[in-house]
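Trainee: As a plain string of letters, each chain reads:
Number of protein chains: 2
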Amino acid sequence: MPANNYKKDSIIIASSQLHHFIRNIFLRNGLSEEHAETAAYALVKANLRGVDSHGVARVPMYCERLRLGVANPQPQITVSRVASAVALVDGDDGLGLIVGKKGMAEAIHIAHEFGIGLVGVKHSGHYGMAALYILQAIEADCVGFAFTNASPALPVWGGRDQFLGTNPFAAGAPTDDIPPFVVDMACSVIARGKLKFAAQRGEPIPEGLALDKNGRPTTDGKEAFEGVVLPFGGVKGTALSMLMEVLSGVLTGAAFGGEVRNPFTDLEGPQGTGHFFLALKADLFRSFDEFKQRMQTLTKRVKAQTLAEGFEEIQIPGEPEQRTEIARLKNGIPLTLDVVETLKSEAELAGLSFPTL
Amino acid sequence: MPANNYKKDSIIIASSQLHHFIRNIFLRNGLSEEHAETAAYALVKANLRGVDSHGVARVPMYCERLRLGVANPQPQITVSRVASAVALVDGDDGLGLIVGKKGMAEAIHIAHEFGIGLVGVKHSGHYGMAALYILQAIEADCVGFAFTNASPALPVWGGRDQFLGTNPFAAGAPTDDIPPFVVDMACSVIARGKLKFAAQRGEPIPEGLALDKNGRPTTDGKEAFEGVVLPFGGVKGTALSMLMEVLSGVLTGAAFGGEVRNPFTDLEGPQGTGHFFLALKADLFRSFDEFKQRMQTLTKRVKAQTLAEGFEEIQIPGEPEQRTEIARLKNGIPLTLDVVETLKSEAELAGLSFPTL
Numbered sequence: 072m073p074a075n076n077y078k079k080d081s082i083i084i085a086s087s088q089l090h091h092f093i094r095n096i097f098l099r100n101g102l103s104e105e106h107a108e109t110a111a112y113a114l115v116k117a118n119l120r121g122v123d124s125h126g127v128a129r130v131p132m133y134c135e136r137l138r139l140g141v142a143n144p145q146p147q148i149t150v151s152r153v154a155s156a157v158a159l160v161d162g163d164d165g166l167g168l169i170v171g172k173k174g175m176a177e178a179i180h181i182a183h184e185f186g187i188g189l190v191g192v193k194h195s196g197h198y199g200m201a202a203l204y205i206l207q208a209i210e211a212d213c214v215g216f217a218f219t220n221a222s223p224a225l226p227v228w229g230g231r232d233q234f235l236g237t238n239p240f241a242a243g244a245p246t247d248d249i250p251p252f253v254v255d256m257a258c259s260v261i262a263r264g265k266l267k268f269a270a271q272r273g274e275p276i277p278e279g280l281a282l283d284k285n286g287r288p289t290t291d292g293k294e295a296f297e298g299v300v301l302p303f304g305g306v307k308g309t310a311l312s313m314l315m316e317v318l319s320g321v322l323t324g325a326a327f328g329g330e331v332r333n334p335f336t337d338l339e340g341p342q343g344t345g346h347f348f349l350a351l352k353a354d355l356f357r358s359f360d361e362f363k364q365r366m367q368t369l370t371k372r373v374k375a376q377t378l379a380e381g382f383e384e385i386q387i388p389g390e391p392e393q394r395t396e397i398a399r400l401k402n403g404i405p406l407t408l409d410v411v412e413t414l415k416s417e418a419e420l421a422g423l424s425f426p427t428l
Numbered sequence: 072m073p074a075n076n077y078k079k080d081s082i083i084i085a086s087s088q089l090h091h092f093i094r095n096i097f098l099r100n101g102l103s104e105e106h107a108e109t110a111a112y113a114l115v116k117a118n119l120r121g122v123d124s125h126g127v128a129r130v131p132m133y134c135e136r137l138r139l140g141v142a143n144p145q146p147q148i149t150v151s152r153v154a155s156a157v158a159l160v161d162g163d164d165g166l167g168l169i170v171g172k173k174g175m176a177e178a179i180h181i182a183h184e185f186g187i188g189l190v191g192v193k194h195s196g197h198y199g200m201a202a203l204y205i206l207q208a209i210e211a212d213c214v215g216f217a218f219t220n221a222s223p224a225l226p227v228w229g230g231r232d233q234f235l236g237t238n239p240f241a242a243g244a245p246t247d248d249i250p251p252f253v254v255d256m257a258c259s260v261i262a263r264g265k266l267k268f269a270a271q272r273g274e275p276i277p278e279g280l281a282l283d284k285n286g287r288p289t290t291d292g293k294e295a296f297e298g299v300v301l302p303f304g305g306v307k308g309t310a311l312s313m314l315m316e317v318l319s320g321v322l323t324g325a326a327f328g329g330e331v332r333n334p335f336t337d338l339e340g341p342q343g344t345g346h347f348f349l350a351l352k353a354d355l356f357r358s359f360d361e362f363k364q365r366m367q368t369l370t371k372r373v374k375a376q377t378l379a380e381g382f383e384e385i386q387i388p389g390e391p392e393q394r395t396e397i398a399r400l401k402n403g404i405p406l407t408l409d410v411v412e413t414l415k416s417e418a419e420l421a422g423l424s425f426p427t428l
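Sequences listed follow chains A and B, in order. Counting from 72, one number per residue, gives the positions in the first sequence under this note's numbering. Counting from 72, one number per residue, gives the positions in the second sequence under this note's numbering.
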């Protein structure tokens with residue numbers, strides 16, 4: 072999803088400077104050099120791609136969990152091969168950002184031996200922007216899938232209370248000379264932050280986005296924010312979200328069915344999140360060059376389609392995020408002042424200073 | 072999707088009688104005993120589950136392709152292991168119903184050896200109701216995925232012409248004492264048949280379902296039917312449909328990017344459809360009994376959710392279809408008179424008679 076640019080009051084910081092700062096915060100919160108690098112990379116990458124909701128704004132959440140001991144700063148992550156081409160990763164309640172990277176790395180490792188590799192993960196936490204793991208697979212010349220469950224946020228089709236996670240569906244494939252093909256989409260029809268914004272402004276919202284707290288469809292921003300966001304595509308989004316729950320939770324042995332703890336509000340214990348990573352070599356049926364050539368042909372045909380009313384261009388999944396990344400690598404990452412304030416507080420707790428700009 | 076019950080003029084036929092009749096039609100059109108059984112099973116199973124759009128109403132389409140030689144009645148389907156846990160199935164332009172079954176069977180076979188099995192399929196055709204292959208995996212105690220590409224039907228996000236297939240997304244998992252968990256959903260927001268119905272009645276349709284022939288959003292049933300149906304969930308449905316195209320077409324070496332021929336209207340050559348089948352054992356991380364127990368727990372929690380306004384019950388994906396199947400196994404399958412007429416014509420061409428009821 073593109074950046075929320077509605078807050079005008081922001082500063083600009085170079086991604087390398089931000090990375091260095093976030094890495095140091097994680098180091099001071101007990102992570103190893105390697106894990107602090109991984110966590111900082113994951114969050115700054117989200118900001119670079121314009122997915123600010125999953126970027127450094129989440130540092131205070133991760134650090135609070137580390138300080139309270141409900142996320143393990145020194146996890147002993149174990150990998151067990153449960154079948155020839157399948158491994159179980161036990162994250163030992165480490166940060167999802169770190170456990171997730173290990174999970175996809177193992178799936179890729181297996182894929183290079185067997186053509187395809189599956190990894191189930193348990194005892195993990197919120198793993199950040201799902202596209203991270205797809206890009207990891209793509210860098211290894213693989214097609215990748217990354218599924219996760221999450222704390223209750225969406226009602227089931229016909230229900231009115233939060234039960235299913237927003238459980239992003241993520242998959243992608245390598246390309247050549249064109250943006251990598253990266254699908255990363257929450258099963259919710261709209262980000263909750265957008266309802267909050269409508270509520271604050273007293274604006275109406277379109278039909279079909281939310282239920283009020285009594286389970287009635289609403290177009291009132293405030294009522295919607297007090298109620299629940301609906302899955303995208305109605306019953307279809309529900310089915311996808313439930314599938315992510317089956318694969319990431321039921322299958323792997325992780326928490327499931329409403330048990331995954333909310334990373335922000337439930338500090339009583341580890342989240343118990345589960346993930347499901349799949350990697351397959353892109354050159355299974357054709358050479359890698361042919362695969363990339365075919366991806367380029369598909370992309371060209373897609374982009375050459377006659378435009379519908381109201382559109383100026385057709386982009387492929389992952390292209391808007393890549394454009395943002397190119398721009399932000401060059402021009403820096405905008406951070407809203409409220410995010411800067413929370414990062415300054417984290418810096419103070421860690422005995423560090425927010426970077427001088 | 073539930074049955075289209077809007078046509079009142081229909082007959083009722085026992086599923087066994089219908090199966091026998093359809094099997095004989097395929098035999099007379101040159102299929103082997105085994106393949107005729109498979110094709111008849113696939114189509115009657117769709118009718119049993121209420122997916123009448125993918126049932127015996129399609130017999131004339133399949134048979135016309137067989138008679139014209141653009142579908143191969145005697146395909147030499149080959150299976151090549153391209154990596155330890157991955158096979159390529161070349162369908163030799165046989166009916167998708169038959170090639171698809173072979174593809175999922177091979178994925179299951181590999182999964183039982185390596186934990187997970189992937190099969191790419193090329194030189195196939197329309198494979199019918201995608202849930203068929205999910206049920207096949209479930210019967211083998213596997214979690215299954217079945218993806219396919221298809222002839223152009225949906226615009227890309229921002230486009231206005233048919234380009235992507237409706238490319239159903241299908242996946243599922245075995246259960247115990249509850250309906251199997253079966254997700255099978257087209258990437259279109261509504262079936263084109265429903266627009267046709269609205270057009271015939273001159274009824275309006277809700278916003279967001281279709282563009283008119285000039286690429287403008289429309290709520291006029293007739294304009295919509297002359298235009299294009301949109302993907303579900305807007306850009307998200309487009310991304311899913313394009314992913315199916317990447318996996319089933321680009322990756323496998325099948326036709327892709329607008330090349331798959333329309334099974335009804337393009338009789339110039341084989342369809343060239345590609346499929347992507349994935350099977351994984353449900354007992355990879357926990358015992359099979361535990362897996363089923365956890366599925367039951369999830370289902371019970373889903374069904375116990377407080378109802379939203381306008382709902383009387385919460386059902387899980389695949390449950391409505393299973394209910395229809397139980398009812399139709401007992402009471403028979405309704406066939407509309409127009410479908411009966413086309414089947415009678417097929418029977419005549421094959422030197423057979425439509426069954427006496």
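If you are wondering where the hints come from, they were derived from the structure by calculation, not from laboratory data. A couple of the hints might just be wrong.
One copy or any two copies: either way a pair holds, since identical chains are not told apart in the list.
Stated by the list, open to error - Computed cross-link-like contacts, DSS-like style, restricted to lysine-lysine with a CA-CA straight-line distance of at most 30 Å: (1) Lys-415 x Lys-374; (2) Lys-415 x Lys-116; (3) Lys-284 x Lys-374; (4) Lys-116 x Lys-284; (5) Lys-293 x Lys-265; (6) Lys-284 x Lys-371; (7) Lys-293 x Lys-374; (8) Lys-293 x Lys-116; (9) Lys-265 x Lys-116; (10) Lys-371 x Lys-415; (11) Lys-415 x Lys-284; (12) Lys-293 x Lys-401; (13) Lys-284 x Lys-401; (14) Lys-284 x Lys-267; (15) Lys-293 x Lys-267; (16) Lys-371 x Lys-116.
Nothing here was measured: the structure is a model prediction, and the numbers come from that model.
Trainee: Does each hint fit the structure? Answer for all of them.
Mentor: Evaluation of the provided hints:
1. Taking CA atoms no more than 30 Å apart as the test, Lys-415 paired with Lys-374 passes in neither setting, with 44 Å inside one copy and 45 Å between copies.
2. For the identical chains of this complex, Lys-415 and Lys-116 are intra-copy neighbours only, at 20 Å inside a copy versus 62 Å across copies, given an alpha-carbon limit of 30 Å.
3. For the homomeric pair Lys-284 and Lys-374, the shortest alpha-carbon distance between copies (19 Å) is at most 30 Å, but the shortest distance inside one copy (42 Å) is not.
4. For the homomeric pair Lys-116 and Lys-284, neither the shortest alpha-carbon distance inside one copy (36 Å) nor that between copies (41 Å) is at most 30 Å.
5. Taking the closest pair of Cα atoms, Lys-293 and Lys-265 come within 30 Å of each other only inside a single copy of the chain (11 Å); across copies the shortest separation is 35 Å, beyond that limit.
6. With identical chains, the CA atoms of Lys-284 and Lys-371 are at most 30 Å apart between copies only, with a shortest distance of 23 Å across copies and 46 Å within one.
7. Proximity of Lys-293 and Lys-374 under a CA criterion of 30 Å is satisfied inter-copy only: 28 Å between copies versus 39 Å inside one chain copy.
8. For the homomeric pair Lys-293 and Lys-116, neither the shortest alpha-carbon distance inside one copy (32 Å) nor that between copies (47 Å) is at most 30 Å.
9. Within a single copy, Lys-265 and Lys-116 get their C-alpha atoms as close as 22 Å, which meets the 30 Å cut-off; across copies the closest is 44 Å, which misses it.
10. Taking the shortest Cα distances, Lys-371 and Lys-415 never come within 30 Å of each other, neither inside one copy (46 Å) nor across copies (45 Å).
11. In this assembly of identical chains, Lys-415 and Lys-284 lie within 30 Å of each other by CA distance neither inside one copy nor across copies; the values are 36 Å within and 55 Å between.
12. Neither within a single protomer nor between protomers do Lys-293 and Lys-401 lie at most 30 Å apart by alpha-carbon distance, with minima of 38 Å and 50 Å respectively.
13. Taking identical chains as interchangeable, the C-alpha atoms of Lys-284 and Lys-401 are never at most 30 Å apart, the minima being 44 Å within one chain and 42 Å between chains.
14. For the homomeric pair Lys-284 and Lys-267, the shortest alpha-carbon distance inside one copy (15 Å) is at most 30 Å, but the shortest distance between copies (37 Å) is not.
15. Taking the closest pair of Cα atoms, Lys-293 and Lys-267 come within 30 Å of each other only inside a single copy of the chain (7 Å); across copies the shortest separation is 39 Å, beyond that limit.
16. Within a single copy, Lys-371 and Lys-116 get their C-alpha atoms as close as 27 Å, which meets the 30 Å cut-off; across copies the closest is 39 Å, which misses it.
Taken one by one, the earlier hints fail for this structure at numbers 1, 4, 8, 10, 11, 12, 13, listed in ascending order.
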